[in-house]
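**Q** For this one, chain A is given, so just place chain B on it according to the hints.
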Amino acid sequence: MEKLFHLWVYLETTPLLGLAATLLVYRGAVEVARLARWHALANPILIAIVVLACLLLATHTPYSAYFQGAQYVHFLLGPATVALALPMYANLARIRRSARAIVPAILAGSIVAAASAMVLSRLLGAPREIVLSLAPKSVTTPIAMGVAEQIGGNPSLAAIFVLITGLVATLLIGPAMTVLRVTDWRAQGLAAGTAGHGIATARMLLISETAGAFGGLAIGLNGVVTAIVVPLLAGLLAGP
Amino acid sequence: MLNALTLLITCQFIGEIVARGIGIPVPGPVVGLLLLLGGLILRNQMGRGGPSEALKSTANGLLANLGLLFVPAGVGVVTQLGVLGRNWLPIAVSILISTFLGLIVTGWVMQRFAGPEGGER
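In order, the protein sequences belong to chains A and B.
The opening position of the first sequence corresponds to residue 5 in my numbering, with each subsequent residue numbered one higher.
The opening position of the second sequence corresponds to residue 32 in my numbering, with each subsequent residue numbered one higher.
It cannot be assumed that every hint is accurate.
Okay, the calculated bits of chain A under chain B, using three or more residues with CB under 8 Å as the criterion [to be verified]:
no.: 1; stretch: 8-21
no.: 2; stretch: 213-227
Listed next, with one range per pair, are the computed distances between beta-carbon atoms [said to hold, decoys possible]:
no.: 3; chain 1: B; residue 1: N75; chain 2: A; residue 2: I232; range: 53 to 63 Å
no.: 4; chain 1: B; residue 1: N96; chain 2: A; residue 2: V183; range: 45 to 55 Å
no.: 5; chain 1: A; residue 1: A103; chain 2: B; residue 2: G70; range: 16 to 26 Å
no.: 6; chain 1: A; residue 1: A103; chain 2: B; residue 2: G92; range: 48 to 58 Å
no.: 7; chain 1: B; residue 1: M77; chain 2: A; residue 2: A103; range: 20 to 30 Å
no.: 8; chain 1: B; residue 1: M77; chain 2: A; residue 2: I232; range: 26 to 36 Å
no.: 9; chain 1: A; residue 1: Q75; chain 2: B; residue 2: L73; range: 28 to 38 Å
no.: 10; chain 1: B; residue 1: I128; chain 2: A; residue 2: F9; range: 30 to 40 Å
Everything labelled a hint here was simulated from the structure, so no lab data went into it.
Even glycine gets a Cβ: it sits at the ideal position worked out from N, Cα and C.
Isolated chain B, as found in the complex:
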């Protein structure tokens, strides 16, 4: 748990430094994600096996409760009630239509090009 949390936070930290240092418009945690993924692939290629059980269980714990982590930012809605009230129509219409379009485009392209599924569920 300690090692795993240290690894995750360190990846985020380095990601933040890299993103700001080179000035690329990618958030630090995403750079951290890519670093960790690259590290895991490298580790496997060096014949040292997959990620440790501790890392897997810490990551699972965080991701299993992902919903909780959205709550504090969402409660921020109370500071934006005025703006939201004045612009509810463009917001509602654009979110509904663009989300529907995003779903069908992604789903259709993937099914069209992915080839037959191996019957897995």
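Just chain A, with the same shape it has in the complex:
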């Protein structure tokens, strides 16, 4: 028992535990999602977060101790964002062909999603910090966290809202496209990437390669649009 205690004390001070736990739990969550035949509710990201959060709470481990190890995974979000340039480059010809539609579609979707989130949460009495953290929720995590920090929101809250938004978009995209009779794969992919970033796009990739390509494009373009537009909207809509 004494030995076990010393082992635990050692593990708690090394980044290895948080890193190994993140990788192992995510690996297990992917297996669960595969067994559930990639059902929209069995999202591996959600499963991994719930399991790890419960582990931290059960063992009274502070998040900062966990993040010591998990930061090595988290850091890769930066280079992964830069890497989005490659799918964009690969689809450059198609993007040029439908640029007339892509630019207004992403601009409109981006502004509507951010503005409605801010106005609704403010009307329902959310404090300013939450309103500002909700504003960039439609874009990929590193961009959303950066934007939230810039406009006075909370980056950790923004990361959580981004995640919930992605999962909600995954569940809503089917009904939403049916209601408006949007059958074009390019439009469905663009909608998934604009409103639900990488999480909804990963889902669309399972259904249609075209939708996946346009989703990837929308993640990058909407990231840029949001980073420019949301700070302006926040000034107008977030209130005092």
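**A** For chain B alone, kept in the frame of chain A given last:
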């Protein structure tokens, strides 16, 4: 792999310096993305072909496991349980409605203006 990772990190690094240097409200990695995209286009126009296989496979490796990279920040939920509990209603309602609106506006505008699809899937 080494060259590719060096290129990606360097783009992010320069992006960070540029964003902070000029004080534009765009995150560094996004500036890095635009730099890399611009670089790839330039390289192609100079007749040196598309991105290298190594860059493609490193980027694919990162993007194929994008889900994993969201996990550490998401686990941060444990530090925010109090705020989330007190404000769950405005959060839930605004995320549900704004996400639905974002989806239908983007999808509808794109389908309306994109013209006929080339039958690709």
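**Q** Indicate, hint by hint, whether the structure satisfies it.
**A** Structure-based check of all given hints:
With a cut-off of 8 Å between beta carbons, the stretch 8-21 of chain A has 0 residues touching chain B; three or more are needed, and the interface restraint is violated. Counting residues of the stretch 213-227 of chain A whose beta carbon lies closer than 8 Å to any beta carbon of chain B gives 6, which reaches the threshold of three, so the coverage claim holds. For N75(B) paired with I232(A), a C-beta distance near 26 Å fails the hint of 53 to 63 Å. As the Cβ distance of N96(B) to V183(A) is approximately 33 Å, the hint placing it in 45 to 55 Å is violated.
At roughly 20 Å, the beta-carbon separation of A103(A) and G70(B) lies within the given 16 to 26 Å, and the hint holds. The given range of 48 to 58 Å is broken by A103(A) and G92(B), whose C-beta atoms sit roughly 29 Å from each other. At roughly 23 Å, the beta-carbon separation of M77(B) and A103(A) lies within the given 20 to 30 Å, and the hint holds. Here the CB-CB span from M77(B) to I232(A) is close to 29 Å, well matched to the stated 26 to 36 Å.
Range check, Q75(A) to L73(B): about 34 Å between beta-carbon atoms, so the 28 to 38 Å window is met. For I128(B) paired with F9(A), a C-beta distance near 50 Å fails the hint of 30 to 40 Å.
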